[in-house]
Structure formats: C-alpha cells, structure tokens
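Protein chains: 2
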Amino acid sequence: MRQHHYLFPTLRKAPSDAEAVSHQLLLRAGLVRPLAAGIYTYLPLGLRVLKKVSSIIQDEMEQIGFSELLMPAMQPAELWKTSGRYEVYGPELIRFHDRHAREFALGPTHEEVITSLIGENIASYRDLPLKLFQIQTKFRDEQRPRFGLLRGREFMMKDAYSFEGSWAQLDRTYLEVYEAYLRIFERCGLHVLAVEADAGAIGGEGETHEFIAPAAIGEDTVAICSQCGFASNLEVMQPSRENQTDDSPSCPHCSGNLQLSRGIELGHVFKLGTKYSSSLNASCLGPDGKWQPVIMGCYGIGVSRILSAVIEQHHDAEGIVWPSSLAPFQVHLIPVSMQDSQQMNAAETLYRQLCDAGIETLLDDREERPGVKFKDSDLIGIPVRIVIGKQAGEGFVEWKDRDRNIAVSTSLESAFVQAVERFASRR
Amino acid sequence: MRQHHYLFPTLRKAPSDAEAVSHQLLLRAGLVRPLAAGIYTYLPLGLRVLKKVSSIIQDEMEQIGFSELLMPAMQPAELWKTSGRYEVYGPELIRFHDRHAREFALGPTHEEVITSLIGENIASYRDLPLKLFQIQTKFRDEQRPRFGLLRGREFMMKDAYSFEGSWAQLDRTYLEVYEAYLRIFERCGLHVLAVEADAGAIGGEGETHEFIAPAAIGEDTVAICSQCGFASNLEVMQPSRENQTDDSPSCPHCSGNLQLSRGIELGHVFKLGTKYSSSLNASCLGPDGKWQPVIMGCYGIGVSRILSAVIEQHHDAEGIVWPSSLAPFQVHLIPVSMQDSQQMNAAETLYRQLCDAGIETLLDDREERPGVKFKDSDLIGIPVRIVIGKQAGEGFVEWKDRDRNIAVSTSLESAFVQAVERFASRR
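Heads up: the protein sequence lines correspond to chains W and Z, in order.
Residue numbering for the first sequence follows numbering that gives the first Met the number 0, beginning at 0 and increasing consecutively.
Residue numbering for the second sequence follows numbering that gives the first Met the number 0, beginning at 0 and increasing consecutively.
What the hints contain is simulated information worked out from the structure, not anything from laboratory work.
Accuracy of the hints is not assured; some may be wrong.
Identical chains share a label here; the pair holds if one copy fits it or two copies do between them.
[Unchecked claim] List of simulated lysine to any residue pairs, SDA-like, C-alpha gap at most 20 Å: (1) K372 x A122; (2) K372 x V320; (3) K12 x A122; (4) K80 x P33; (5) K50 x E67; (6) K80 x A35; (7) K399 x D364; (8) K399 x S336; (9) K389 x P369.
Since the structure is predicted, the reported quantities are computational estimates derived from the model, not experimental observations.
Next up, chain W with everything else stripped away, as it sits in the complex (with noise of 0.2 Å):
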C-alpha cells in the first residue's frame, strides 16, 4: 500500500479526553475516529487489524465445529418480552418503533434471535449438537461510554451458540470452547487470565468462566491464588463491588494468599442450559420419544476490545508495537528522500518484490521530513521498518526491528530474503 493516498491521520498529541494509553493510541495512529460518545469509524489501518482478530476467531471457532452465520441487528421487541429481558436490560437496550409503530432492539446479543431460529429448525436430538457462530456489529446505550473501542456503543463482538442434546454433550462443547479461547488469545499476542465469573444479566444454571486481560485500565478485577492457581473475578467471592479493594481475601480452596489485579474482559463463557430455550420454545424429541428443552451454551468475545487490550500489552514510549499476527502491515518501508531517484528505484523495486511475495508492505512515498516518516512509524508500529537512505547507491538499506532498538545496514537482497523467511510462512 502506498502511504501518500492512504488514509491514516497520525496526530502528535491526542485529545485531553482520553485517559487510557490504548485510546490515546488508537487515535494517534490513525486507527480510529469517534462520530459520537463510544462510536467509532475504523480506519483503513485499524480495520485492517480488526479483520485480523476476526479471521483468527473464525478459524479457530471452525477448527472446534462451529460454523459461521450472521443475525439481523434489528430484533422484533416479542422476542425480548417472551424470554423476560426486555425489562431487564434497561436503558442499555436500544429501542425504537418501525414505520408501522411496532417496537424493535438493536441487538446487544442474540440469545432469542437463535434460540427462536434453532426451536423452529430442529426436531430430534439426533440433530445435535448444532454449533453456530458470527462476528457482528453489536449495540448497547452504555451510561459512560469510554477508554475508547473498551467501551463503546456500537461494537463488534463474536457471539456463539451451542445446542446440546444433554449436560455431558454441553461439558464437551464448553471445554473445546475454553480451549479454542486460550488459542485465539495466544495467536493475538495476549496475556490472558482464564477465571471463574458471575452470569450477570445473561443468566443461566451452569458454570462460566472469563477471559480476562491484565491492564492497569481493567474494569474487572481478578483474584489469583498464588499457592494453588486457582482465578476468579472478585466479584464472584464477594458481590459487593463498593468496597471490594479493602479487604484481602483467602482463597476458597486452599486459604492461600490471594492477588488481586485489574483487567479486561475480553471473552466470557456460560453453560446457559434451558433458560432460553424453555421461555422461547425450542425443543427437540429426546432418546426417550419425548419433548425437551434443548441444553445452551454461549460463547462470546469483545473483538474490537481486543485491538484495546494488545495496544495496552504492546506498546512503549513512541507508540504501538504490533504482534506480526495482528499487524496491519508487516514490513514498512521509507525512503529517505523522495527526490533521490537511486532511493526511489531501490524502494519501488522492494516493494514490488515484497508484494509479490505476498509480503503486506507499507510504502511511505510521502513528501515529508524523515523525522516526520520515522516518527509516524515508530507510532503505528509495523514489525519491520525498512529504511532507504543514502547507502542505496550501493546496494545498501537499513533494517530494525519494532521491538529493538538496533538498526543494521543490510543488502538490499538480504532485507528481501529476511522479510520474506520471517513472514511469508505466516500466512
């Protein structure tokens, strides 16, 4: 991709309202823009690495079975008042009337929407389990939106759906998921705490478990006991959250010390059971010849949260340090000066050479200072930064890496075969 005619507005400083260093960043380097409190254009480069996060959660969730559909945003208002929540949910639930005055949602989660779809597209239980999932835009009017995509008003969020035909089967399928979880977030460059949750407004009879990532920003705080391993979310232990940093809790299992450390959710899992589907009716004929409720799990990740999460893990002073898994592109390259035409040849020649390769390559062809290109390239952070200066006459260019602080002078030919050894496998 050529810079000059890329859309990507780098800023110096970020606007005084943003407190967390990953909104900071996801402003500075371009990746996003707010329209209003907690909604956000993606830009070109960040939603570049939104569609990365997508794809690893889509290859994962189909390693484990599940496959991919995509529900409507727009839910009839029945659907909430028939499975309850339609009150429940509150003011944090978009509604608004059609044409014809009848009531509708903006789609938070989809239990009633699938549930209701699986209850009139299943007969016997023979037919389970049935795995689905989908990664949508998703809406929920919160009462402070901030820290930027952590939390938003419209966003984007992996949900699935498990329907089993008994406990041991919904075990099964929650456990691959759980696992699947700890691979999406190891593929994404996250540090990530699995822990024992409360179902809050989702509800159900069964276990759950959050995925939660340490930051200094978190709004959950989790409980790690450093005898036996043991996680939880504080909130679980103790559900009064006023004074919940006060006290020093033991550990439940073991009396061990217990470490408190703030977070961020990223996933969370629940055995739902039949709390949707008995309200919403979807049933199947058991191995027994009668009617039952089908068993639910559900299964959900914060994608565009995630892109907040790794800007918190991986970044330092100048700015974002992308895992080569998300990064938007892989190599950066910069010619020094735009009007040396030896430095423009060897870099057009590379970047030919590297998208063929199928290399993602970032060109900064633009008119600015080199200070100005080395700094925007620090802040948004791309693996590699290639840099053609005045050794390109010779056959010589530049190479460091993001995450260290050492540039080598290196043959043009060896910073293609380099390039294309550390990333051309990967994708």
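For chain W, the structure is supplied; the task is to place chain Z on it using the hints.
Leaving out everything else, chain Z in the frame of chain W:
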C-alpha cells in the same frame, strides 16, 4: 463440511407469501430465514455466498486503489440536519433517541459521516484523490419490504466514496469504478446492463449510471436502443412512472426503436460534485492557495441483493444452479447408504483428499433416503455432485455437473483429479 450437524434447513415448498423465484429458493435451500418483514438471518450456506460476493467486490475495489474502512451504523441526527437530508429522507430513515435524549439515525448510506470525517482530516489538494469503501449493514424502513433480499429493511451494501481535487480527476475515478463494476458483476456470473440513471435522493450535479440485472421481477424498467446501444433507466426519459409501459419512446440519440426490459438495480455510481462537501464543510487548499470544497463521487452496490439477482438468472425447475465463483461449496459428496462400509470408506477418503486440496466440499453424511439427498442437492445447486453408490467397491463413483443432465461413471482417482483441475486453481 459435514452436512449432518450443519444448519441449512431445506424446504420442499416455499411459504405462500414468497412470490419471486429467488425468494422461494433462498428460503427452500436454507440460505436465509426471515426474522421480521424485510429482515433476514443469513444461515451458514447463505453467508458463505454473501462472503464470496463481498470478497470479489473487495478485490476489485482494491485493484483500483480504494481502501476499506468501516463506519458506524449509529449516526448523530445533527449530521443529517446539516446536509439537509434529515427531513427529505422521510420515514425510511430509522430514528431514535439515546438514553440522554440525543437524536440518532441508523445509516441507510454514509455520505454525511464520511464527508465530515474527510473534512477533518485533509488539508491540501495534494492529498487527493482519497478513495474509500466499506461493506456494511444498512437500514432503510421500506414501506413494503418484498422479494426476499431484494427490498429489505436491513441489508448489506458496499458503499464507496472518492474525494477529488478536480472534476477531471473525478471523471477518471468514475470511469475506473464503472469498469470495476462490470468486472464484479461478470465475476458473479451476472448479465448486467449499465444505463443512464436519475440521481434521486442522493443528489449531485453530474453524471450517474445504474447497473441493472435483467429479471422479470425487477422494479426498474430499462430502455435499450437496438440501433445505437443507448441504454437508460426509463424514469430518466420519462419521469412520470404511472404510464411508463403505455407509450413507446424512441431513442434520443438516433431515434431508433427502444426495447423495454425489467431489471434489478444492483449498483449505482454518482458524480456528486460538491453537494455534501459544501454543506458539511469538507474543504482543501487548492493549487491557487484558496480553500475549495472537495469534489466527490459515490458508488454503491447492493451486496445482499446480488444473491437474489444471481438466483433469478441461475436456476432451473429443481433449484439453484450457482456459478462456481459464488457457490457455497464446489463439490457435493453423496454416499448413497450410510450403512455400507465400502461406500463410507470411499466417501471419507475422497472427502479428506478434496479438503486437503483446498476444494470446498460438502459431505452429505445424513441418514436420509437417496431421493431426499438428491433433491436437496439439486435445490442448493453446488456445481459438481459426486455420488458414491453400489460401484464404490469397484472404485467407481458417479459425477454430475449441476448444469447438465448427464451423470458419468468415473473412477475415484479420476473424480479427484477432475475436481482439482476444475477448482483448485480458482481459489
């Protein structure tokens, strides 16, 4: 993909309110299910097709220098008031208040959002052209949603916008998009006419063309001159829609006879000029050092609507006949009897080979009668069907192209080689 635990509920008969063939087949083949009038869930099979359409569009838009971004669905009403469209749009614009009583609209299109975004982020004509597109869910509260995905209230659209420093630059981009659109529709297997059009609610000062797929259920009427090739939407030539089929207008260029044909509008390109950049204050410094409003073009494609148009043009009495570029799978593998171990071994081996070769294969592993399997197979329209029946023991299977009526006996090895030759290079 194994069919048994995959959700696409086929129907022998379409619901009585589905008039159009494409609407009937979308429902019968289990591609979509309605949630409310004009609001659909894309089931896994339908979503696979939708994604193929999207990726053809992405590819062609990127080839001509457009980069993808993603704008919000929730748009502050102020923006629409500033452009003057808040009143003009009428009841098709879905409006609501957030919890703080601020007015919002659900985006039916994004001229306002992107124009104000660009206005905040460009300074000089040297930064132009800027070319951006998105593929996104749009909302339009149609008075009478109908024909399945053809006239929906929540639908998928590709909208693209270009910001230019001069009219000459806009002319170039417009032509590039025009030609890319012809390639997109051709790759989708669609016969499409590019015709002169009316700007309608989008407005603008310059040229505009529509891309219309001839189909009996189409809501547009196209006039084509058999002598000079002139083609136009009839409403341009004759704004009063009421009696458009009564008279027979003659060609404005050569006075030749005009033939009238019904069609589905799939794309629309506009030279907007400065309509939005003037009202929303998107200006840049021109070559003369003076601020000037940027010159804009906008370019839409109805992504979900393409599914309907393709089915209208590609079906027979038994079901859909997908062009292989859009087919949800390339090969449908059908073992006749799940009880026959020779058949099942052959089917599993071939399934594994095809998947390993990167060929999208659907394995019908359901305990159903052969007749049911074949009927479903014709209905969903996968290009190649390989039936594994009684000859499996001798290493023979039956190969049938969906668009031909002849089944050919062939060896297992040869079936694999043929499938690879036909599909592996297309990916």
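Outcome of the hint check:
no., hint, result
1, K372 x A122, "between (62 Å within a copy, 18 Å between copies)"
2, K372 x V320, "within (16 Å within a copy, 52 Å between copies)"
3, K12 x A122, "between (59 Å within a copy, 18 Å between copies)"
4, K80 x P33, "between (33 Å within a copy, 19 Å between copies)"
5, K50 x E67, "both (15 Å within a copy, 11 Å between copies)"
6, K80 x A35, "between (30 Å within a copy, 15 Å between copies)"
7, K399 x D364, "within (19 Å within a copy, 53 Å between copies)"
8, K399 x S336, "within (18 Å within a copy, 61 Å between copies)"
9, K389 x P369, "within (12 Å within a copy, 72 Å between copies)"
The earlier numbered hints are all upheld by this structure, with none contradicted.
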